[in-house]
Each structure stands twice: as structure tokens, then as C-alpha cells.
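> Sequence:
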Amino acid sequence: MSEQKDLEYAVLGGGCFWCVEAIYQLVDGVESIVSGYAGGHDPAPNYRSVCTGLTGHAEVIRVGFDPSKISYKNILEIFWEAHDPTTRNKQGNDEGPQYRSIILYENQSQKEIAEASRTEADPKFASPIVTEIVALEKFFPGENYHQNYFRLNPGQPYCHYVIRPKIEKFLKKKTH
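So the sequence shown is numbered by our numbering: it starts at 3 and just counts up by one.
Be a bit skeptical, because a hint or two may be false.
What the hints assert, rightly or not - Straight-line alpha carbon distances no greater than 25 Å define the calculated DSS-like cross-link-like pairs of lysine-lysine that follow:
#1 Lys71 - Lys175
#2 Lys71 - Lys171
#3 Lys176 - Lys71
Because the hints were derived from the structure by calculation, they are not lab data.
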């Protein structure tokens with residue numbers, strides 16, 4: 003994946019950034035992904051501080067996508083399938099505000115598309131969607147060892163037992 007000047011960006015949080023990153027790496031039209039932090043008040047977040055749940059930041063990914071190949075709306079359709087947007091501050095065993103479901107929009111168009119997408123996705127779930135939709139103030143890239151995590155650490159237990167099943171579920175839906 004390479005950076006291009008004509009990319010659009012989506013900033014999304016759906017639990018652990020490693021999980022969401024691994025899903026979007028499989029999507030045609032996604033050209034770059036950076037794991038990081040957003041949505042909080044700490045001016046210099048890092049993994050250790052965000053893990054305390056006190057910074058206000060969520061673990062997020064910044065997805066650079068080619069709008070001629072995939073739309074922001076399609077990016078969000080994948081987001082709803084990539085995690086459980088009905089659990090507040092929790093994804094699986096990961097708990098805390100840093101794991102909340104969140105869409106951080108960069109402009110009014112993204113806000114409107116995100117809100118419409120949430121409304122459209124809501125009936126597909128047994129419980130109401132609790133995903134926050136808020137303006138992106140600043141995205142903070144995560145530490146280098148968080149980037150491309152699943153691909154670089156496939157044998158790590160979290161990758162094997164948590165991320166791999168999510169990927170398999172996504173691929174199964176994608177082929178149907």
C-alpha cells in the first residue's frame with residue numbers, strides 16, 4: 003500500500019486497532035492504513051497512556067482509500083461488519099473507552115454519510131448501535147510496532163485467537 007495524493011481518509015475505531023486494521027488490509031481500494039489514537043483530550047497520547055482509559059482517546063485506524071475504487075459509504079458498510087457497534091466501550095475481552103465504537107469525520111459530507119450509514123445499519127443488529135460520530139480534531143499515529151501488526155505477528159496468541167477468526171468471518175461474508 004502506498005500513499006497517494008488523491009486518496010480520501012476515514013478515521014474509525016472498532017475496538018483494538020489491530021483487528022480493524024487487519025480487516026481493511028483485505029479491502030480493494032484501500033491504499034494505506036495507520037493505527038493510532040483520536041477522539042480524546044491528551045495532546046500527546048501513546049499506547050501506555052491510552053490503555054489507562056483516561057486520555058479520552060480511542061484506538062483508531064486512519065484508512066486512506068481511492069474513491070474511484072471504493073466509496074466512503076462502502077468503507078462504513080465494512081466498518082459495521084468488522085466489529086460489534088452495539089457494545090459501549092467493549093469489543094470481546096477488550097474493555098474501556100479506548101475500545102469504543104467511533105467514526106471521526108473530516109467534513110460535513112462524511113458526517114452526513116456516517117449518520118445515514120448508522121441509521122441504515124441499525125436494524126441489522128439485535129441491540130441499538132452506540133457508535134459515536136464526532137468531528138476529527140486530530141489523529142495521532144501509533145507507535146511503529148502497532149503498524150501492520152497482524153501481518154507481522156500472525157503467530158502471536160491475540161492474533162491467532164482474536165484477529166484470525168474475525169478475518170475468516172469477514173472473508174466468508176465477502177464471498178457470499
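> So, for every hint listed, does it hold in this structure?
We went through each hint and held it up to the structure:
no., hint, verdict
1, Lys71 - Lys175, "holds, 20 Å"
2, Lys71 - Lys171, "holds, 23 Å"
3, Lys176 - Lys71, "holds, 16 Å"
Checked against the numbered hints given earlier, this structure breaks none of them.
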